[in-house]
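Going line by line, the protein sequences match chains Z and H.
Everything in the first sequence is counted per my numbering, starting at 1 for the first residue and increasing by one.
Everything in the second sequence is counted per my numbering, starting at 1 for the first residue and increasing by one.
Just so you know, the hints here were simulated from the structure itself, not pulled from any lab data.
Take these hints with a grain of salt, some might be off.
[Claimed, not checked] Computed footprint of chain Z on chain H, listed as stretches where at least three residues anywhere in the stretch have a Cβ under 8 Å from a Cβ of chain Z:
{"hint": "1", "stretch": "10–21"}
{"hint": "2", "stretch": "40–53"}
[Stated by the list, open to error] With a cut-off of at most 27 Å between alpha-carbon atoms, the simulated DSSO-like pairs for lysine-lysine come out as follows:
{"hint": "3", "chain 1": "H", "residue 1": "Lys-9", "chain 2": "Z", "residue 2": "Lys-42"}
{"hint": "4", "chain 1": "Z", "residue 1": "Lys-42", "chain 2": "H", "residue 2": "Lys-90"}
{"hint": "5", "chain 1": "Z", "residue 1": "Lys-69", "chain 2": "Z", "residue 2": "Lys-113"}
None of these values were measured; they are calculated from a predicted model.
Just so you know, even glycine gets a beta-carbon here, dropped at the ideal spot from N, CA and C.
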Amino acid sequence: MAEKQPKPEDLAQVDYRPPKKGWMDPHVDFRKGTYCYSALAKNIEYLGMPNPRDWQPFDADWKLPPNWKQIILDGMKDRLEKYRSFRLFMDICVRCGACADKCHFYVGSGDPKNMPVLRAELIRSVYRRYFTPAGKAFGALAGGRELTEDVIKEWFYYFYQCTECRRCSVFCPYGIDQAEITMIGRELLNLLGLNINWVIEPAANCFRTGNHLGIQPHGFADSIGFAVDELEEITGVRVEAPINRKGAEVLFVTPSADYFGTPHYYTLLGYLQLFHEIGLDYTWSAFAGEGGNFGLFTSHEMIKRLNNKIYAEAKRLGVKWIIGGECGHMWRVIHQYMDTMNGPANFLEVPKSPITGTVFENAKSTKMVHITEFTSDLIRNGKLKLDPTRNDHWNVTFHDSCNPARAMGLFEEPRYVIKNTCRNFHEMPENTIREQTFCCGSGAGLGTDENFEMRMRGGLPRANAVKHVHETKGVNVLSCICAIDKANLSTLMEYWVPGVEVAGIHEFVGNALVMKGEKERTTDLRGTPLRGKEAAHA
Amino acid sequence: MPTLELNGKAYVVDEDGFLEDPTVWNEDVAKDFAGIEGITDLTEEHWKMINYLRNYYLQFGIAPMIRKLCKETGFPLNKVYELFPSGPAKGACKLAGLPKPTGCV
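Generate the whole structure from the sequences, applying the supplied hints.
What follows is the structure, given as structure tokens:
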């Protein structure tokens with residue numbers, strides 16, 4: 001139901017005074033609006049994960065298994081041995097504080113335990129107490145903390161107030177990756193059956209149907225078919241959208257939200273137009289119908305299990321290489337895990353654009369190319385006829401989606417595509433873009449209704465930067481290349497910067513693309529009359 | 001699982017108030033749930049949306065794309081928000097007894 005939400009003017013008053021109690025006190029007040037509901041037992045069971053049960057964060061008794069403490073300590077020991085990065089990050093931090101004010105959740109909430117250094121310290125203190133000689137001997141004097149049920153609750157609260165965006169790691173002189181600490185923290189909590197439903201239900205759906213939403217193949221075909229019909233109404237061109245077609249050259253994988261949500265849907269139309277216009281020999285897959293991988297927000301094992309379908313489907317369909325759509329965290333998985341977890345995909349070929357002949361050397365090992373890399377190469381080689389005036393009603397800025405930016409260094413290609421399809425473009429301030437981009441505040445599975453206040457707090461720095469270009473440059477659309485962004489930035493803009501819409505980059509491509517045999521375009525893909533065509537549309 | 005008591009009936013729902021078992025849905029569910037969604041009277045337009053969602057769900061096991069729902073009911077998105085203040089996924093789907101969509105949405 002429509003809950004009463006805090007007002008923006010109240011939320012903007014952030015209190016940065018530290019609390020009176022010391023940081024070692026683990027007690028957390030689970031205040032409504034600042035946490036997510038627990039994972040339902042049926043979803044945990046479906047994935048074969050341990051300790052499914054009914055519980056909620058606001059319950060006094062979390063019904064932990066009797067040997068919970070041993071489970072956690074054993075789990076930590078395993079991971080300290082398995083992941084050298086985890087042990088290094090536990091040992092190496094000198095608490096210089098360079099990361100402290102870089103986290104959007106700290107900036108927006110003022111809660112010191114959202115300083116990345118202190119969030120890591122919540123687990124590091126337990127590491128010290130149980131795994132280092134000094135901590136074993138001197139306990140709190142050596143920065144160690146006893147592992148208690150309250151510590152578990154505190155971990156749950158703060159590791160689900162981290163979006164694994166990795167902005168803090170850009171500023172860490174030691175290169176400590178806070179996302180990896182959060183990932184381990186969540187893995188350990190999973191051992192006790194503690195997770196959130198917004199992560200585990202999509203993961204379970206993905207395992208069952210291949211996508212987060214639980215869309216079955218006939219529903220997939222229905223949605224894509226609807227888009228093809230509507231595109232014909234808008235452009236006069238009937239495009240092909242082959243599904244599960246064996247022998248195609250390219251497999252296209254994108255987030256399921258692209259064929260479910262709004263404004264994602266307009267990006268889907270753009271993909272369909274583009275692939276048709278260049279005559280790409282490609283296929284959709286109703287099985288690998290999800291770019292997103294909520295395993296990244298669950299455990300390393302789950303990343304591998306959910307990612308597996310991409311190569312498996314590429315092999316089954318016999319494609320040569322893969323294009324990935326406007327998805328955020330998918331690219332962290334592809335760029336940093338897929339090749340070693342489920343590869344090497346030696347049955348695929350090094351991606352080569354059949355239109356331009358460009359070989360994507362950067363994707364030599366994964367065999368998977370980002371859609372903005374593919375499209376910007378088409379533009380650079382003059383293969384697309386574009387009419388950017390069709391985007392004149394948009395005054396655009398670009399939000400570097402965290403994972404494509406920081407996990408794969410994709411900065412120029414999206415901008416190149418925007419600047420070739422739109423005539424009005426303005427950057428946000430430089431400390432809020434590119435590798436310093438601020439998270440939408442709802443990544444890593446935190447985009448739930450019940451977590452509304454914390455999402456709006458976490459999104460405040462990003463919203464402030466948008467507000468700046470909205471007021472000084474007249475920006476009216478925030479573009480991005482991530483499905484979580486498209487969902488959450490829409491809510492964020494409505495809350496903090498009304499009057500700014502959210503769009504994917506291939507929506508601009510779809511608007512600007514002049515297609516062979518098209519009818520006179522009087523509206524954009526959203527049905528908004530084009531500048532100067534208002535009369536024709538009416 | 002929480003239980004919601006409405007008009008003398010008890011419904012098992014999730015934390016967001018969505019019906020736990022979509023198969024127990026009938027028109028009374030929509031009528032009983034309308035109040036908690038801030039809807040005083042279920043008009044013909046509400047029923048058009050609810051029935052559309054229900055039929056789509058029975059065929060496909062999920063809610064339709066938002067764009068499709070708007071087009072096939074003839075209600076633009078802002079009209080959907082007028083009818084169901086929490087929106088298509090949270091308001092309309094709840095009254096139609098559909099599970100809440102999850103993921104990057």
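Checked against the structure, which of the hints given earlier come out wrong?
-> Result: hint 2 breaks, nothing else.
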